[in-house]
Structure formats: C-alpha cells, structure tokens
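Student: One-letter residues, chain by chain:
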Amino acid sequence: MENLIALLIAAPLLGAAVLLCGGRRLDAVGHWIGTVLAAVSFVIGVVLFADLLGRSADDRTLTQHLWSWIPVEGFKADVAFQLDQLSMTFVLLITGVGSLIHLYSVGYMEHDERRRRFFGYLNLFLAAMLLLVLADNYLLLYVGWEGVGLASYLLIGFWQHKPSAATAAKKAFLVNRVGDMGLSIAVMLMFTTFGTFAFAPLLGTQEEPGIAGDASEGTLTGIALLLLLAACGKSAQVPLQSWLGDAMEGPTPVSALIHAATMVTAGVYLIVRSGAIFNAAPDAQLVVTVVGAVTLLFGAIVGCAKDDIKKALAGSTMSQIGYMVLAAGLGPIGYVWAIMHLVTHGFFKAGLFLGAGSVMHGMNDEVDMRRYGGLRKYMPITFVTFGLGYLAIIGFPGLSGFFSKDKIIEAAFAKGGTEGWILGGAALLGAAITAYYMTRVMLMTFFGEKRWQPDADGHEPHPHESPRSMTIPMIVLAFGSVFAGAFFTIGDRFLNWLEPVTGDDHGHSPLSATTVTLATMVVLVVGVAIAYGQYGRRPVPVVAPRGSMLTRAARRDLLQDDFNHVVLVRGGEHLTRSLVYVDHTLVDGVVNGTAASVGGLSGRMRRVQNGFVRSYAVSMFGGAAILIAATLLMRAV
Amino acid sequence: MSAVAVHSLWTTAADPISKIDAPKFEYGQMSPTLIVVGAAIVGVLVEAFVPRKFRYYAQVFVSAVALAAAFAAVVALAADGYGTTKARIAAMGAIAVDGPALFLQGTILLAGLVGLFTFAERRLDPAAHGNRVDSFAAQAASVPGSDSEKAAVKAGFTTTEVFPLLLFAVAGMLIFPAANDLLTLFVALEVFSLPLYLMCALARRKRLMSQEAAVKYFLLGAFASAFTLFGIALLYGYAGSVTYAKIAQVVDGTVTTVDPALVDTMGNDALLLIGAAMIVMGLLFKVGAVPFHMWTPDVYQGAPTPVTGFMAAATKVAAFGALLRILYVVLPGLRWDWRPVMWGVAVVTMLGGAIVAITQTDIKRMLAYSSIAHAGFILAGVIATTPDGVSSVLFYLAAYSFVTIGAFAVVTLVRDAGGEATHLSKWAGLGRRSPLVAAVFAVFLLAFAGIPLTSGFAGKFAVFKAAAEGGAAPLVVIGVISSAIAAFFYIRVIVLMFFSEPSPEGPTVAVPSPLTTTAIGVGVAVTLVLGVAPQYFLDLASQAGVFVR
Amino acid sequence: MSFPLLTATAVLPAIGAVATAAVPAAKRDAAKWLALLVSLATLVLAVVVLVRFDPDGARYQLTESHAWIKDFGVRYELGVDGIGAVLVALTALLIPFIVLAGWHDADPMETGSRRWRPTQGFFALILAVEAMVILSFEATDVFLFYIFFEAMLIPMYFLIGGFGDRAHEHGEEVASTQRSYAAVKFLLYNLVGGLIMLAAVIGLYVVAGNFSLQEIAEARANGSLDMATDTERWLFLGFFFAFAVKAPLWPLHTWLPNAMGEATAPVAVLITAVVDKVGTFAMLRFCLQLFPEASKWATPVILVLALISIIYGALLAVGQRDIKRLVAYASISHFGFIILGIFAMTSQGQSGATLYMVNHGISTAALMLVAGFLISRRGSRLIADYGGVQKVAPVLAGTFLIGGLATLSLPGLAPFVSEFLVLVGTFARYPAIGIIATFGIVLAALYTLVLYQRTMTGPVKTEVAKMPDLRARELVVVAPLVVLLIFLGVYPKPVTDIVNPAVQQTMSDVQKKDPQPEVEAAK
Amino acid sequence: MNPVNYLYLAALLFTIGATGVLIRRNAIVVFMCIELMLNACNLAFVAFSRMHGNLDGQIIAFFTMVVAAAEVVVGLAIIVSLFRTRHSASVDDASLMKL
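Chains as they are written, first to last, in my numbering: chain A, -13 to 623; chain B, 1325 to 1873; chain C, 340 to 862; chain D, 43 to 141.
It is worth saying that the hints were derived from the structure and are not from the lab. Each hint should be verified, as a subset may be incorrect.
One-sided excerpt, in silico: chain A residues whose CB lies under 10 Å from chain B [said to hold, decoys possible]:
| id | residue |
| --- | --- |
| 1 | L160 |
| 2 | V164 |
| 3 | K363 |
| 4 | I614 |
| 5 | A616 |
Note that the structure is predicted; figures quoted are calculated from it, not measured. Glycine included, C-beta positions come from ideal geometry on N, C-alpha and C.
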C-alpha cells in the first residue's frame, strides 16, 4: 500500500513535466491531461484513505522511503514520505478540490492561448503541495513549501503582460521568502539541537513522544516562533499578510485553489504538525494565538471595505485562516478544530471564489461589485451555490462553517483566564464582521438593480450562466459546504480520526457550549442586519463614497502596504543605490587611487632625469658619498 | 788596488737576467679571451687592407667564427673541469679560471654572438642608392645632414669598424668577471667601456641623439671609472697589494707576516671601507643601479638599438660577475658592513626602476628602466652571500640577457619613415597588423614581468629564494611589490599592441633577414626552455657557483 | 607505470589549443569544431577519472610524480582527492558548453592583416585556460600549482580584453577601451595576489625545504616540521590573499563585475564558473592543509568578510542596471557562501562548499549563457532595454527563469542542497553568522525576480518584438545544464559520496570535530 | 717628508677634479677634470707604493697613463664629433633625451 504514496505526487508531477516540456502540439489536449492526472491522484488518495480506515486507529501511519537525499557526515536527509491521518486529510482536500478546480478551469481558461501551460502550473502546484503534506522530515517539507511558493508565483503572474500581475507575483514570492527564512533557520536549529529534523524521531506519537521535549524550553520556543514566522508567510498572517490581496491578480481558479483552499492553509498544517514542539513552548503558543486573533480581525476589516469581489474574499480568507491559526495556537484543544475549519473552509471558500469567477466570467472580467447587482436572475446556479457558501461561511446553523467556527470560538474561551476572554471576544467580533462583509458581498452582487455599464471598449456585458464544466464543481463544493460540517461533527467522526495524531483536550470553558452558540447567533444576526441596512434597503452607489477614515484605511489594507513601501522598498532602494556608489568610489577608488598615486610618484620621480649630464654626475657623486658614509656608519655602529 | 775592486766601489753588478723569471702564461685557459682579442686585431687589419665591398662579409665572418670558437673553448674548459675541480688562478694571479668566470664568459660570448647577428642585419632600413645598409652611420666622422654624409651614404659606406669594436668590448667583458687583481679589473673595465662609448655614437638615424648618448655615457663612464681607480688605489694602500687573495687575507686578518713598513696603512679600515665603497660604486654604475643609473635611459634610447641590446645584456653580465667576485672573494670578511648598504641600493633600485618606468612613453627608455629594476632584483640575489646566491645570479643573468637582446631585436623591426618607431603610441594595434611579432614581443614582456613558464619567472624565483634563505625576507617582499608595479607597464604595452585600434599611419614591421630572425628565435627559445625546464641550467649554474681564490 | 590519466586530461586540451591556433585563417569553422571535439574528448577523460576514483581509497589517487626542478625542490606531482576530481569533472563539463555558446562570439568583425585570426585565437585560448585550470586542480605540488595558478591569467586576460559583446551600446571604440580596462584590472588584481603568494611560496620553501603538499602536510601532522606561529600566519596570509582575490572575497572583488560585464557571456562563465573556483578550491586544499593553526586563527575575520560578501554582493546585485554585472555581483554573494562553508570548519559546511562550487558553476553557466543569448539578440546589456520577452521568446524566458531560480537556490534545484548545507554547517558552529547569512536567500530572490520581471514580463518592448526564440545550438547548450540542475537537486548523492571522505580528511587536518547536537551533548 | 701628505694632496686633487666635473659646462674642461682625477689616483698609487716599498703602485700608475691616453683618444673623438654637429661643446646643450 505505502508504495502508492509516491504515485500521489508522481501523477501531477508527470503532468507538469509533460505539459511544460510538451510544446504547442499538446495545446489541444493539454488541459484534459492535467485534469485527468489530478483526478488520478485523487483516486489514489481515496484508495489510501480506504486502506487507512481499514486499519486500527493507532496503526494508521504509512511510510515510504525512496532514496537517501543529502548524505553528509553527521547530516541525513532522505526523500521519504509519511502518510498519517493529518496528511491524509490534506491529501483528500488537495486532490479533491484540486481536481474540481482543474475541471472548472477547463471552461474558465477556454479562451486563453496559454491554457496548456496554466494546467502545467496547476499540476506542478498539486505535486508540490502533496510533497509538502507527505514529507516525513522538515527539509523535504521545505522543498514542497517553496515548491508551492513557486507554483503560486507562476500562477499569480500567469498573465505576465500585465505589470500588476508580475509585480504581485514577485511580491508574493518575496514575502513568502521571508517566511521561508524562518523555516530554514528552524530546521538548522533543529539539526543543531537534536541532530535530526525528521518527524518520527523528533515528534514521536501520542504514545511515545519524540525527543522534541528533551531540549530546553528556550530552544523550543525559538524553533516554534521560527515555524510561526514561516506559517505567517505562507498563510498570509499579520505581519506577512500583505501579499494575499495582490495575489488576486491571478486567474480566479488559482485564487480558489491556492489562495483559499489549500496553499494558504499550509501554515496551519505546519503548526499542527509541529504540535509536539508547540505544546512544549507555551509562550510561543500564546504568540500564535495572538497572531491568529489579530489577523482574523484584520482580514475581516479589510474585507468590509473592498469593492473588488475577489479582494473582499481574500480578506475573508485571511480572516478565516486567522481562526485556524488561533485554534492551532490553543494546543490540543484546538488542533482538531483548526483542521476541521480548514477543511470546511476549503469547501465553501473555494465555492465562493468559483462563484465569483463565474460572475466575472459572465461580466467581462469585471471585478467591481459596485458594477454588479441583481445578478441572481441571470446566473441562478452561481447564485445558489454562492449563497450556500455564504451561509456556510457566516456560520448559519447547520452548515459547515457553523460547526467548525463555533468549536473554535468555544475553544478560545476554554483557554481560560483573561487570555481566554480576549481571544474568545475577538473570535466573536470576527464572526460578527464576517457576517457583515459577506452579506455585503452577497447583496451587492446578486441583489438590488443592475449597475453594470459598457466597459472601456464599449462592450455591454451580457451576464449569462457559465458552462457545465464550471457549474459542476461549484455544485459539488456547495454540497461540501452544506453537509461537511455536520458529517464531521456527528459522532465526533473528525475528532476520532485526527485525535491519534493531534491529541485531544477538552479544557474547561467558562461558558457552556450553548452560551457560546447563542452568542454566535446573536452577533451573526447583528452583522447581517447592519449590512442589510446599508446595502439592502438603499441603492448601492456606483462610485464608492469617500467613507470614514477606517474605511479608507481598510481599502488600503490598513496602510500596511504603504508602510512596507516607505520603509522597506524606499529604504532598500536608497541602501542599494548608496552601496553601488560606495562600491564604485570607495572600494574601487582605494585601488585606483593607489595606482594613480604610484603613477603620480612616477611622474615626479622622472623629472629628476632632466637630461643634463652634470646633474647625473651630481647624483652619482652624491650616491658615492652616501655609499661611503653608509659603509663607514655600518662600521661605526 | 785592482781596477775591479775600485770599480766595485761605486757600482754593483746587476743580477743576471736569468733571475727575472719569464711570465708564466696559461694560453689554454686564456684561449677564449685570446681568440676574441686576436680576431679583433684581425678585424682591424681587415679594415685596413680588405677592399670596402668585401669588408662587411669578412668582418661578419671573422667575428662570428671568433665568438663561436671562443665559446667552444669555454665549453671545452668547462668540460675539462676547470669550472669545478681544476679551478685555478692563471696568468700569474691576474685571471681566475673558475666556475663563475667560465659560466659568465660563456653567457657573454653567446650574447655577443646573438648581438653580432643584430649588428649585421642589413634588411631593415630601405636600401640607400642600391646599397644594403645596417643600423650604423655611413661615416661617423661626417656631420649629420652635411654633404659629406650624403656623399658617404651615396657611396654606400658602412661603418664596418663596429665589428672589431664589438670584439674588443667582448674581450674586455670576458676578462672583467675573471679578473683576479684590481689592475686587471680596471683595465678590463676600460677595454670594454671604450668601444661601447664609440658604438653608441654610430647610429645611422637620429644621429644627434646617438652622439649625445655617447657623450653622456663617456663622460659619466669616465667619471665612474675614476672613482673606481681611486678606490683601487685606496685598497692598494690598505693591503699593499692589488691581488684579490692578498687583500682578502688582509681583510680577514689572516695575513701571515705583516711587513713593519705597512703597519701604519695596512689594516687601516678607513682606507678599506672607502676604497671598497668606491670600487663597488664603479661596478654599480655599470650595472645601472640607483643612484648610479641615470645614464641608462638616455644611452639606451640614443644608442643604435643593436648596440643597446648587446650593451644591456652583456655589460650587466660582466659587471655583475665582477661585482660578485669582489664581494665574495675580496670582501666576504666585510659583509656585515656592505650587506646593509647593498640592501638599501637594491631596494631603491627595484622600486625606482619599476616606478619611473610606469610613465615612460618610449619603448627603449621603458626597457632601460625595466633593466634598472632587474638590476635591483639581481642585487637581491647578490646580497644572499650564499652559494645559492651566486648560482641564482648566474642563472638570472643568463636568462635575462637573452630576453633583453631578443626584445631589442624586435624593437629594430618596428619602423616608420624616421627609422625605428620607438614611441609607444606607434605600437598601438601591432597585434592586429602582425600578430607574430606582437606575440613574440609579448613573450619577452611576460618574461620581464616574471610570469611563470618563462625564464624570467625561474630567474626571479631563484634570486628571491636565495635572498630569502640568506635571511633577506623583507627584500623579497619589496621585490615582489616592485615586480607587481613593473607588471603594470609591461601589461600596458601588451594592451597597446593587442587591444587598441591600429592607427592608419602606424609603423610597418620590416621583414628581417635570417640574422635578426635567428637572434629573436634564440631569444624566444631560451626564454621558454629556461622557463619550462630550467633544471639543467640551474645545475650548470650551481656547479659554477664556487669562486676560486 | 600506468597511463598518466591526469596528465592526459590537461595535455589533451593543451594540444588542442595549439592545434586550434594553427588552423589557417580561412578555415574558421574547422577551428570551432576542433575545439568542440577536443573539449568533449577531455570531458570523456574527466569522466574516466571520476570512474577510476575510489572514494574509499587513498586520499590522493591516480597520482603521478616526476622530478622537475630539483634546485627549487619542485616535483611534477599530480593527484586528485574527491574534491579535486569533482572540480576537474566540472571544468571539463562546462568547457564544451562554453565553446558551443561562444560559437559566433569571435567571428572577426573587421579584417586586420591576413594573419589576424581572432576565431582560432578565441577557442585556442579557452582550451589553454581549461588545461591550466585542470592542472591546478590536480597539482599536489605547491609550486606546480602556483605556476598554473599564475599562468592561466594570461589567456584569461586575452579572452577578456580581446573579445566583447557585439553591437555595444556605446560603439566599438568605447567598448574596446572599457574591455582593456577590465582586462588590465583583472590581470593586475590577480597578478598582485599571485606575486604576494609568490613571496609566501618562497617562504614556505625556506621553512619546509620542498613543495610536496603531502610531505609538508604529513610533516606538519607528525610534528617533524613545526612553524613558528608568526611564520605560519604570514605564509597563510600570503596564500589566502591570492585566493581571496581570485575567489573573489570582499573587498577584493571589484575586478569581477568589470571583467564579467565586458567579456562575452561564455568568457564570463569561464571566469566565474571555472577559473574563480581555483581560488576557493585552493583555500580548501592549501590554506587548511598547510596552515591549519593559522587558518583557525584567521577564521573569525574571514567569516565576517564572507558574510559581508554575501549581503553586500546581493545588495549590489539588486542595484545593478546591467544584466551581466548583476550576475557578477550575485556570484560575489555566492562565493561568500562558499568561503563561509569552507571556514565554518564543519563537515556539512565543507561538503556544502564543495558541492556549492559545482552547483554554482552549473547554475551561473545556465543563467549567464541564456543572458548572453538574450544580449546577443538585442545588442544591449541594460536591463531597461528589455521587457515582455517572455511573450515573444517563451523558451528563452523559461530557461532564463530556471537559471534564476537556481541562482536563488530554490529547493529541488541543485544550488539549494549546497546552500543549505553551508548554512547549516555554519549555523552549527556560529549561529549568529548562520542566521545573518540566511538573509542572503531573501535578497537573492529579490534580485533574481526583479531581473526576470524587468526583462521578461510586462508589455512587449518594440525592440524585442521580433526577437527569435532559442535556436537549436542554444537549446543544446542550455537543456543539459537544466537537466543537471534538477538531477543534482534531487539526487546529489553521487557527488557527496565522492566528496565526503576528502572533507573528513580536511577536517582531521585542521583537527576540528563537528559540534554535537545539544540534546546528546546534554546526555 | 711624510708620504702621507701626498695622499692628502691626491685626495684634494681628486676632489677638485670631481667638483670640476660637476660645475664646468664645456665638455673638454669636464674631460680634463676627469683626467685630473685619474692623475690624483696615480699620485695616490705612487705614494702608497713608496710607503709600502713595493713597485706595484708605480707599475699601476703606468698602466693608468696608458688607459687614460686611450680614453683621451676615444673621448676627444666623441666630443669633437658632437662639437662639429652642434657647434658647441657645452654639455648642457646636449639634453635631447630626458625624463
């Protein structure tokens, strides 16, 4: 069985290789090759899943060792995989949603002459992402980690002729690199501390814990924080969140797959996977929770102000991942719920993005929600699927989001003490805002009267429902976003499934579950109501009103980019420019100066050679005198 | 009383003649010098009696044969073991026949032979009135630009006297490093100097400069030799003798019997030190060491290029030979006095030569300054005062002389309307015009710069190694620095030749006769062989490294 | 005695060089093909060397030893350890690509005299450099090494100064002056370094009495030859200075951007991917083996300088407007990593450094050669003159991107392995330095992606609109390099297996042990 | 009379000659000064010879005269040719080559 693991990765990797090297002759079939291989990977995943289910709970870890990667004295890194419940969950999510979005893209990218390459990149992403979750050591995970970064770079910048896209791609890669730096240093620290960075010896299992605990808490906190830095980069958490909004420059399926469902959640995977380390570093965990809480509010606020539908959803993604990170920071109480929210979010957020894509598809790629309105009549399927996703994300009772998010809020309170109250409060507030901005999106897009106008080159958009290949995935995902939560929760299926890996801990919540649920309901209603008051009852202005200070700040991602620009970009430019100057004038100047001075000396010395015999004679005479004097002197001393 | 008795009151009978024993003279061991001197005299007779149009050939033939024969003689002597086991003092203590002497004589003779080829070259200058002409004045006595000169040129005169002059100079140089008493040293000095003075004045083109060079060289040379002579006098006064061995004994204080008459002078160190200093100064003048170097650039530039090449090579060899012998045979007891001084001279010579060369614009002057720098490097080896020091210097001299002659031979090839185009700007883009000549010259320059796989590197390594072993590490460092500086201007010429665009009115490269070609070829060959496989010659040098006293 | 394999690897290109130079002016293409064949044959020999080399065998293998210059205590001694063998292979591997990439770089523009044969000269010089570089990797006699270390400057000098990019933006006149400036700068820097080393070489002879690396190293090891501390330090500095100029290490680096900027792309690759490796290689082989104590004494300073090189080089790369100069500064940054790995004195660091030399060679070759193809199409080196190339020449852009990703050491490509090893090796002993060095990877991403964005993406500039994509010859050059980058990225074991034993020996030379993991140390 | 005095005289003459070389312009005079220096040497030789009571010094003096004579021949030839060319025997005029 375990030999199948490699195939999971091999299939999409093969696809990427074939599609990228195949050349134009594959243009006709390229997209199908890509889709099929993604599906193959999914099927393999299902087979493995079935196999795992067939085993006893404590025996659900498969490993496969391929080859010794970097064998150096005292240093061992292998290409080997580990498939346990956690990675299995991700495999299914990645390959499943991935296949759907491949299918969706077939229609969405129909008119793009570089569709083959697009599918090549998508496959490349799948392979990298699977490598990330299947690696059995941190270094190999790092390969996948940067691999998905590369794929995301290529896909965000897929429309490279657009400078904005190219810039966004570069920005995404760079910000991620900062995070990656954290990961690589973390790996180094692990190596110097434990002499290894493989999961099994390091993290161990619930029964026999690994050597992670043996190190001093200081070291562990260091490792944990470095891992958190990495997670922040990949999962767009404050302070490294700035790239996600711009990443929406990429084609919408990319936003759905990479920047909503899978890649951006890699950070959560990393933290949960490294649970053994975090559990032993409470300070680090606190930081994690804080980052999560801040980000979930940050994202939510940003989401409220955006008129670009994708950017609004991006803000929402940021915020939802904030929930997951918060949960992951809570330790064993939260790990399971973090992952569960991750999965459900994978469903409904992907669905929402696909819906947005479908809307744009019908609206000549118009993204400004102020130019939508009343679309429910024109694209009913999109409307329904999108609506279900909407209900799920705001946590409408019974739908996926309700279960997962509720559990997280509960766990946040369960942290206990002031921290518990603060975190829980933040989570609740976040829920309210989520309800607000999602309702806003919903209303501006599908309700009210139509507000669209001819675009630059005079085409009046003709909103229409998207082709089958696009709607089917939306429908499937809608199912997911409706039922997944309930399915997971009833009988604690999800808990029991993951518990052997993540451990479990109910903690003692100051508030009863029902209280929390009620509170959630209340804030939900409030949020929806406010939104309805603003956008449901009166017409939406086509030109955005100036808005309050906060609104304007939020439109600019709460000025975080401006900060980056002023401090990092400008500062960096000045630094490099001055260094170039220094290199030329100082470092080079010293050398050239020396040469020049020798030359000058030469010029002065050759004037002695003035052509007059008698002065030559003088020098000889003087020389003789010196010679004699010196000789006598030598004897004297 | 008897007449005889009376007569004996105011006369005494002189000793019978037989009591003055006839000078003993080892012709065999002196043969190299004798052959050359003899040939020189023959050359004079040739000038006197052979009709003009045959003279050139006769002279070239005589000189070539003589030099070759002399070289053969040297080789024979060396093979006979005179360099090592049978080393001895010949000619009643006047001449030393030992390793260094033979090695240097061999080098000088080869240099002379190769130099002779460049002297005899007659293809470079365009033929005047159908007469082949060489680099020497048609008639040295006629005033430049005068009718008599034109007439001489028209008549196709050539100064074939240069060949005997060359031979005389060579003869003097052969004796110079072998001289075993100060008188012989002085006479040899003059014997090879005077012909050189004359030859400097004999250029066919740019005669004013040529004559000026001669005057400068002559006056300064005479000035210097006066110093030498006075130094000799002082040493004579110090030791009561001019033979090296005796002086050395006195210096070491190992003299057997002190003649009571000499007590007030003998061992008077003031005499010794001043005298030694003055003699050494005279030799430093010949090798062109700072601050006695100032004649070098002017003379090198003004003299006919073949003469310059010969002079630059052979004079250095001879003078360094003599210097070595003086310092190692006569004054070893004094080394704690002269070593520091020589240190100073070596340092200023290396640096001075290298630095001033940077800003030169005339190829011949540049080579002159480079030769000064090289004199400094060689001095570093001299200072070592170890057998390795001697052999390294010998090797360096051999290597250096061929590079020099070759380089100047190449200079004779690059010509424009005014004769040789020695201004550096004229050499721009030579590599494009005639890659071969440029490449050859580049080889010589690289050898000067001491790039590995050329003889220059082997030599430099040898002397620096010797110096370092002799405990002169700082000198090595300075030497390295100055060779770095020196590298700069050699490189500059290469850049000029290969990387800059040739100027349309640039010089032409004359196609030489086999003579010059041979000279250059030998130069290149020696440069590369000594660079790649120096071991055999190093062996020669180190076998030859021991002076007889 | 057995067949002198190592000599053959050097003699073959040497003969090839002479033969190529001798090809008559008219038969230009013959010269090219001859050079290509010779370089390929050399590659075959180098592969044989690799095969014949037994990682578990003696330290130096395939040794040859003949008397050469007795008086200088010099022997003609060749031998390769794992590191040398790998680098010989790298050299032999890259030369064919360089020759092929430079196929048209030396077609004469103006006709000098009949005898002016630039093309023959160009390829002959490349082969000459190959011969000398290979010999300096194989020499186990310090003097022998020095000879070729110095001598290779001359052909390099002519390659840099004699051949430049076509259609220079300022016209040929300016170009030639800039070229000769760059060439002279290159030569003087390295010559000064070499001469200072010469002083040290002489000093070594005075101290040790011979030049045989093994004899001296043994004598040092068993104490029969003990140098005064000061002597050892001075000698070390003399050697290190020369290697630091060659490597190049900040602040001795300024010749590299000029040289790589003015030379044609293949020559630039020759400089940075082949010739400069001699410097880092020599640090590993000579500095550490001959002067272990002094090396340890100097380590702190050297590490700091290496660190400066890494950050400084990267920052300046960001600030460049000229594609080739950018790559040059990137290389300076990378050489910083190599030196860091060497002097961290850990197994990982030194294996990483050796691996880094190989990978950097390949990745720079890939990036620089593609850049050269790009420049040859547009006739400008300025980044600003490009834009949107990806649209018109996707393959070119793709390979360029891969080269760039290799330069920023993306995991999965070869350079990542070596860079991580160097970093982890450094971190193990000097955590602070390791961390600061890690910033280099962010900067690397910055300059690479900025370069790619400015040249390849965005709207298509009119000047590049007609730009043809990679031709067959160019693909033949690039494709193998890309394959190698990926292969060595996922399976570097073949190289590390050869390198590791040599590294262990070096470690024992300097008597250093790898630091223990904290946890085990605690137990 | 103490022969040492002759040495002082010789030294004096030598110095005079040297100074003359340094200060006089006319090549002929300069040359004469050099001859003076040589003569000073001769005097020193003879004086030493007298002090040591051996003949070497006197013999050397004869050699020196011969050499000096030869030098005169060569020197005058050169100087005269220069004079004929430039119509001046001033050594300062002959400074074409410098720097």
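Student: Hint by hint, note whether the structure agrees.
Tutor: Hint check results:
no. : hint : verdict
1   : L160 : violated, 42 Å
2   : V164 : violated, 45 Å
3   : K363 : violated, 77 Å
4   : I614 : holds, 4 Å
5   : A616 : holds, 5 Å
Checked against the numbered hints given earlier, the structure breaks hints 1, 2 and 3 and satisfies all the rest.
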